[in-house]
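All chains should be built: construct the whole structure from the sequences, respecting the hints.
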Amino acid sequence: MAIIETMKMFKDVISQVSGTVKKILVQDENFVEYGQDLIIIDTENDK
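Numbering-wise (the numbering used here), the sequence shown opens with residue 79 and increments by one.
It is worth saying that the hints were derived from the structure and are not from the lab.
It cannot be assumed that every hint is accurate.
Here are the simulated DSS-like cross-link-like pairs (lysine-lysine), alpha carbons at most 30 Å apart as the crow flies [as the list claims (entries may be wrong)]: (1) K89 x K101; (2) K89 x K100; (3) K86 x K101.
Shown next as structure tokens:
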């Protein structure tokens, strides 16, 4: 799970798939755009 802050409000971002975080694509406190990938999740080894 991740948290997005917008206009002093916080919103949880919950993955629609289960797996292991392979790579985090953004740094803390960076601006992001709607639809931007934030995390790469490895679903191959998750059973």
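Exercise. Take the C-alpha atoms of K89 and K101, compute the straight-line distance between them, and say whether it is at most 30 Å.
Key: It holds: about 21 Å lies between the C-alpha atoms, which stays within 30 Å.
Practice problem: Compare the distance between the alpha carbons of K89 and K100 with 30 Å, and conclude whether the hinted pair is satisfied. | Solution: OK: K89 and K100 at ~22 Å, within 30 Å.
Exercise. With a cut-off of 30 Å on the C-alpha distance, tell me whether K86 and K101 pass.
Key: With a Cα-Cα distance of about 27 Å, the restraint between K86 and K101 holds, given a limit of 30 Å.
In summary, the structure agrees with every hint in the numbered list given earlier.
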